[in-house]
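Got chain A sorted already, so can you dock chain B onto it with the hints?
Read off the chains here:
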Amino acid sequence: MELVLDVLSWICLLGGAIFLLIGAIGVLRFPDFYTRLHAVSICDTLGAGLVLLGLMLQGGLSLVTVKLLLMFYFMVFTGPTAVHALAEAALQGRLKPLVDNREP
Amino acid sequence: MEYLIDIVLLGLLMITGFAIVRMRSLLAVAMLTSIYSLLSASLFVVLDAVDVALTEAAIGAGISTILMLATVALTTDVEKAPRHTPLLPLLVVTATGAALIYGTLDMPHYGDPAAPVHQHVAPTYLHDTPADIGVPNVVTSVLASYRGYDTLGEVTVIFTAGIGVLALLGYRTRRRNIQGPGIRKLVVLRVIAKLFFPLILLFALYVLFHGDYGPGGGFQAGVIFATGFILYALAFGLGNAQRVIPHQLLRIMAAVGVLIYAAVGIESMLLGGKFLEYRVLAKDPVTGQHLGIMLIELGVGITVAAVILIIYYGFVSRRHSGDM
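Residue numbers (my numbering), protein chains in the order written: chain A, 279 to 382; chain B, 2 to 325.
If you're looking for bench data, these hints aren't it; they were derived computationally from the structure.
Among these hints, one or two may not hold up.
To be verified - Listed below are the simulated SDA-like cross-link pairs for lysine to any residue, each with C-alpha atoms no more than 25 angstroms apart in a straight line: (1) B:K195 with B:L68; (2) A:K345 with A:C290; (3) B:K195 with A:A295; (4) B:K195 with A:Y351.
Claimed, not checked - Derived DEER-like restraints, expressed as beta-carbon distance ranges: (5) B:D133 with A:L369: 55 to 61 angstroms; (6) A:L373 with B:H121: 21 to 27 angstroms; (7) B:V79 with A:Q336: 45 to 51 angstroms; (8) B:M24 with A:Y312: 20 to 26 angstroms; (9) B:G135 with A:L373: 53 to 59 angstroms.
Backbone N, C-alpha and C fix where the C-beta goes; we use that ideal spot for every residue, glycine too.
The shape of chain B in the complex, shown without the other chains:
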């Protein structure tokens, strides 16, 4: 039965991929990539990887679609026809694809419990988590505690990406709050946005602080938090959203998140442990782990939310100050 679901989902993924290649309208391509992400997220749910599914649904299907639509709005929505024959690229792609398929022949079978990836460190994490860290969600314990260095690196990557976008796109302050005539008419959208804005923020906090017990954590929570503000900006205009959370504040927040994370590591060094060794943070090692995970998840959430909003503001501020 599960095979059937897998086959249907993978088949739909393939169809979506071909449709993306064939489409010339970039608006349609943006929507199709969103569908592609949603299908991948469903596939992750079938694989019981709910944390990854939540991330994929929030980032892949949510935020990247908005950013892609913003890019299309800034540039053009029709793909240019290729100027050269597609024969050589087709040959390269076919050869690479054939090599990749040949490579999969040596890989362990789908869902094989004896695969090397399940034999290396995973059993240790699964076995030690209840005693060491005491959180039910092993994904969180691996991500935030055992692999704390890697996650610090990831947060730094996101922070750097935010700086990169800021350097490339910049941010234009607008002289007045321009609102299209269409927006003013969307009373229904505004009422619903106002109704759901607090609920989305509440859900983001739930995902952030419930990450130890269920799917979720800093990354997902940050994205959901940013989505709330993007919804607000869409319904009420960028100017009003900036009065709630100004751009200068976002730039500080993006750095503060990474600093919180690193500070937890340095604090544990000062208390006599190693970098990011949370057990020294409190008298009881397990409480220390809980505290450390909570704090670094908070840092991750702050940075992710701030960077996504910086990117969104960057795109939208250019659009309104340009020819609109």
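The shape of chain A in the complex, shown without the other chains:
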């Protein structure tokens, strides 16, 4: 049982780390503001979420898990909201999204 939990938690931790890495690469490589936001939002939700889930599996049934759960709840709400607010502010500031105008 312990082994199964360990394996599951490691899968979650590594998965989270991979998503964080993908998000970081996306921020560096994507061409404009809106696409970069798209990359960042992965870090906040999937990346951090999976890492927290992995840590919860390590914590077992304890107060630590409850606190991690609260953090998870907090991240799930605040991350997408922050990205949404940023995108909204950019639109208000008349930042044009990069559009591919070539003929298909």
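The following block gives chain B in isolation, referenced to the frame of chain A:
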């Protein structure tokens, strides 16, 4: 393993420092200083100084970033190019840096348990806290009880800073509640702000009254409390935030916090003890200590929250009454 984390964090700190120096866009610099504070906070966590980390994260990464962004919004967001050659300043900085590095050669090694700072009064505090004060968090017992005078001084400094900002920036009452067209559209932000506003205040109270047992205390709680109201003001406009907690009330609160702190000291004098000697506050010395710490932490929290909100109101009220 811990060395590896230290090296990575310190390296990132250095990179951030260089980036701050090189950047010309002040908006980017404000965000980078926030990152710098967050990295420092992580470093404090590695050093097991969670109380300091909580303060650094709340003040350094949170409030100062907001205030810096407010300053940038009031002034300009591009740094002016220097008019003179940077040779002389560079020379001065290099000489000072070299002297500082030379000075560190005589200092005890990183994490050395035989360092003078660990030999002086720290063992006494660690040894006496359980019997004298009976709180698990020694940081709180040192900060609020053994070093009560110093903390009273710190709170007075914060109060004075609030008065200074008030004198410099002033506070402009606004005739009508101006709201940008953008704000009105941010439905998602408003719903989430409304959802989290009570939770942030609840967390601030938890940090305040749980400071004896875990990381936290008056300073951190005050900052978190103020952050809740700043979030509210950001989402719903300054006018609505002022209807919840008006500026006149804040000015009174800032003074009340310091007065609560000093009153606890005078009360203990009246009861036959020395200034800020909490053990006389109740029949049982340990209960007296608990009561005293609780009251002065409350005073610290009230002053810190009020002063931060005064500064924030000062900045934002100028912005809206100006050219906006």
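Structure-based check of all given hints:
1. For the proposed pair K195 (chain B) and L68 (chain B), the alpha carbon gap of about 22 angstroms is at most 25 angstroms, so the pair holds.
2. Between K345 (chain A) and C290 (chain A) the alpha-carbon distance is near 18 angstroms, which keeps this suggested pair within the 25 angstroms criterion.
3. Of the pairs offered as hints, the one joining K195 (chain B) and A295 (chain A) is violated, with about 32 angstroms between alpha carbons and a cut-off of 25 angstroms exceeded.
4. Distance hint between K195 (chain B) and Y351 (chain A) is fulfilled; the C-alpha atoms sit about 15 angstroms from each other, no more than 25 angstroms.
5. Look at D133 (chain B) against L369 (chain A): about 59 angstroms separates their beta carbons, and that is inside 55 to 61 angstroms.
6. Between L373 (chain A) and H121 (chain B) the C-beta distance comes to about 57 angstroms, which lies outside the given range of 21 to 27 angstroms.
7. For V79 (chain B) and Q336 (chain A), the Cβ-Cβ distance of about 47 angstroms falls inside the hinted range of 45 to 51 angstroms, so the restraint holds.
8. Against the hinted window of 20 to 26 angstroms, the Cβ-Cβ separation of M24 (chain B) and Y312 (chain A) comes to about 23 angstroms, which satisfies the hint.
9. Distance hint check for G135 (chain B) and L373 (chain A): the Cβ-Cβ separation is about 58 angstroms, which falls inside the suggested range of 53 to 59 angstroms.
Hint violations for this structure: numbers 3 and 6, all remaining hints satisfied.
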